[in-house]
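Chains as they are written, first to last, in the numbering used here: chain A, 15 to 450; chain B, 868 to 1329.
Simulated from the structure, these hints should not be mistaken for lab results.
Check the hints yourself; a few may be wrong.
[Said to hold, decoys possible] Pairs of lysine to any residue residues, derived as SDA-like cross-links and limited to a Cα-Cα distance of at most 20 angstroms, are as follows:
(1) K65(A) with F1047(B)
(2) K993(B) with E96(A)
(3) K99(A) with N906(B)
(4) K230(A) with K1279(B)
(5) K944(B) with E127(A)
(6) K328(A) with K910(B)
(7) K910(B) with D102(A)
(8) K270(A) with G1049(B)
(9) K1286(B) with S340(A)
(10) K910(B) with T194(A)
(11) K72(A) with F1047(B)
(12) K896(B) with D92(A)
(13) K904(B) with S340(A)
(14) K99(A) with K896(B)
(15) K1285(B) with A35(A)
(16) K192(A) with K1279(B)
(17) K72(A) with K910(B)
(18) K1279(B) with V200(A)
(19) K917(B) with Y17(A)
(20) K272(A) with K1285(B)
(21) K89(A) with R900(B)
(22) K442(A) with R1327(B)
(23) K325(A) with E902(B)
(24) K44(A) with R948(B)
(25) K1168(B) with P1152(B)
(26) K89(A) with K944(B)
(27) K133(A) with S231(A)
(28) K907(B) with T194(A)
(29) K89(A) with D898(B)
(30) K917(B) with D86(A)
(31) K264(A) with R1327(B)
(32) K917(B) with Y64(A)
(33) K192(A) with Y1281(B)
(34) K944(B) with Y64(A)
(35) K230(A) with K944(B)
(36) K1137(B) with D60(A)
(37) K230(A) with T938(B)
Read off the chains here:
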Amino acid sequence: MTYKEFKEKAFAYSKKIGIEACQINYQNNKNFSLSLGNGELEKYQDASSYKITLKVLKDGKIGSAFSESLEDAEKIVDEAYENLKLIDSEEINYFYDGKGKYLEMNTYSGKFEEMEVNKKLEFVNNIHKEISNDEKIAMVPMVVYQEIGIENKLSNTYGLDLENKMDGAFSYAMAVAKDTSPRSGVDYIVASDPSKLTLDFAKNVKKFAIEKIGSKSVKSGKYDVVFLNSAFSDVLGMFNHMLSAENIQKGLSPLKGKLNSKIGSNKLNIKDLAYYDGSISNTPFDSEGVPTKDKVILEDGILKTYLYDLKTAKKDKVEPTGNSISGRITYMNLFVEPGINSYEELLKKVNNGIVITEVEGMHSGANPISGDFSLGAQGLLIENGKIIRGVEQITISGNFLDMLSKVSEIGNDMKIGQNIVNPSVIIKQMDIAGNI
Amino acid sequence: MLSKETVEKILSTLLKHGGDFAEVFVEDKYDNRIEMKDNKIQKINSGIEKGIGIRGFLGTKSVYAYTNDFTEDNLLKVAKRVGQVLGEVTMNNIVLNFDKTEVQNIHPIHFYPQDIKKNEKVNIMKIASESAKNYSDLIKQVVVNFWDYDQKILVANSEGVFKQDRRIRNRLMINSIAEFNGARESGFYGPGAGMGFEFFNILNPREAGERASRIASRMVKADYIEAGKMPVIISNEFGGVIFHEAVGHALEASSVAKGASVFSGKLGEKVASECVSAVDDPTIPNAWGSANIDDEGTETKRNLLIEKGILKSYMIDKLGGRRMNMESTGSSRRMNYKFAPTSRMSNTFILAGDYYPEEIISNTNNGLYAKSLGGGSVNPSTGEFNFAVNEGYLVENGKITKPVRGATLIGKGYEVIKKIDMVGNDVARGQGMCGAASGSIPADVGQPTIRVSEIVVGGRNK
């Protein structure tokens, strides 16, 4: 059966058995990846697979089922309908009719697929060479290159009928420097176009590992810190839970009741962008088919909006913001506006303090319901505006919102992550625990 | 599943174009997840995942492809492409002599997921949800998740392996949120087993709900722990996550083989204190991380990793074995056909020692008693780990005194296992999902109550 036939059959059958509306999402994922371990080609993967997710709507309830086969459309409708009948939540759900205005954006170049495999191999080999050409580097256990290609189709019986293709790639690497105990450095790059696959991040991997040689812990206390862009991005990830209108409505976010009030430093301006040049999470519509759009999250530290899907928007009587991704509410490209300071200027401004280069344990040590966090971290010690040694075996702790209010300077060193684009920042007086 | 003829064609097509080893992995899985919030069913999603992974080796080079287009034309095309990428060595006239022995099932199942009405599953969830909610007035929200699956697999390779297996899992997960004076804390308990629905004859959902709420309601009233270096007593069962993260991952061939583990080249050496012995055992009947065969078709076995502090074994898959010149230990696992398998843990735990847990506590002047740990993570190259303590208590003058929250344990795995100075006699295991290169897989962690003479505990500064 072709997808078109599957869709028609499922729509006709769901109507026949008395279902109000039926929605089908077809996703075909291509996945090409290469990885080197100590310079040796360790893994080569070239694959594709598709998945159908089918949802049925009746009396405000949604039942869903999935399949990785295009056979038996009726059985999948039956399974989804059976699931729907068990739902006893009083929440009202909706499908979107597709009448909104969709932004035109280019999310597919096809250039990754065209690129010869040899070029991709050359790229990972060059990363390996770039990192390992220093005698302080003991090994490069991992260099990974991964391409993403997604073909996405979304249709429902209300007339929604959307299609989008996207492609992109990311690469990351890890180096280990020689020392009394091993020191690691990691960095990554995200590329929306093969021309953006440059070796700059490999230089960082090497630098990050070497900088940590001779690392020691520090005395516990309050320190001014420069949060390196990639580490700050990890912590900013707590916003994902907090900005979700669903969590706000259920009282599970510390941002509840904070709309139009100040939650961060004056200097913080944060947006959610439907499209950011260079990002690989751009999309003209979300998982519910709602158009994506730009919106201001934080203006001079003041919270301007939450993020909504169809259900939560109706409840708050606002427009949906197009932020539903696979059943969760999430930002598309969380964009922290850059400041004027280079990374070096941030070091000078802190003068004495610590650069936090990595945080660990976000999934267990950070509680987005309260905003409290206590995380393992690594970094660099700054004395008189200069980095003098590595810092290991420390934890940083505090509260996310309190931390946002202590942002005193913002860098201009923008880093594109999976769906966050942000610079390094200075945060005053963070609690750091060490073992000296 | 595929016929032997088709499998033979795939394997020989691959080797005709290149490589010295070919493998096919076929998966047909029914997966069902139900979510309940505050006693109401919110979401149910169920369906079929079905696909084929084709892998080839040439020496230590590995190429992997997967597809869910089952037409023979496509499968042979994919096999050819894998062979071509491997190149160099090509093998013609391959004669495959498939092993005819059936896989012996040591994990009997009584009730398969698709044979149990979803209503019955919902009933179990309601019992857990109600008991969690009624545990205390402090409980503001209870989320209960139910997950069961039925995974049928076929693994065949050019060494004559042709094996089928079926893995059933059932799990109940309860997340309670307590609120007190504007502060919120959550408590989690997620028991599971490699069993059918009969698991709920053993597991009492009422007690499971209460346990999640106990953690949340005790922690919400707790003070923040003061950061510092101190002795830490880690309770049995899920406390074993510390060994899993801090040591287990660094014993997997995926990091050992390339010399990227702190334990590379240390077989036969003393790596832990004498009171520490540990195993990875996928043969425990019906355990959460168990299986008859691994995802490369190798029969699983109990693997003694550390004996009285001496490193005895790693966890090895076929590719890792090629790199290390060692045999597979039956430790190759993957989340599904979308992942090439690699060396992973199954049910990994520290073996019983001599002390009663009460003795360990009464022998500790001042420190932290970590009753329940949250997830953690580790960098296998440096051994650096971190864990959140979900339920912690202060130990003062040999007695557990008051609950504390906000504690994080950090350190280096290879240092911490040398600092374990007391091991209890109360071994128990807990269930978790372990995420690594070959995806997220069910794994048991475990240990008796242990004491580590000192760990850096992150918390608030006074």
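Checklist entry - Which hint numbers doesn't this structure obey? => result 1, 9, 10, 11, 14, 15, 20, 26, 27, 28, 31, 35, 36, 37
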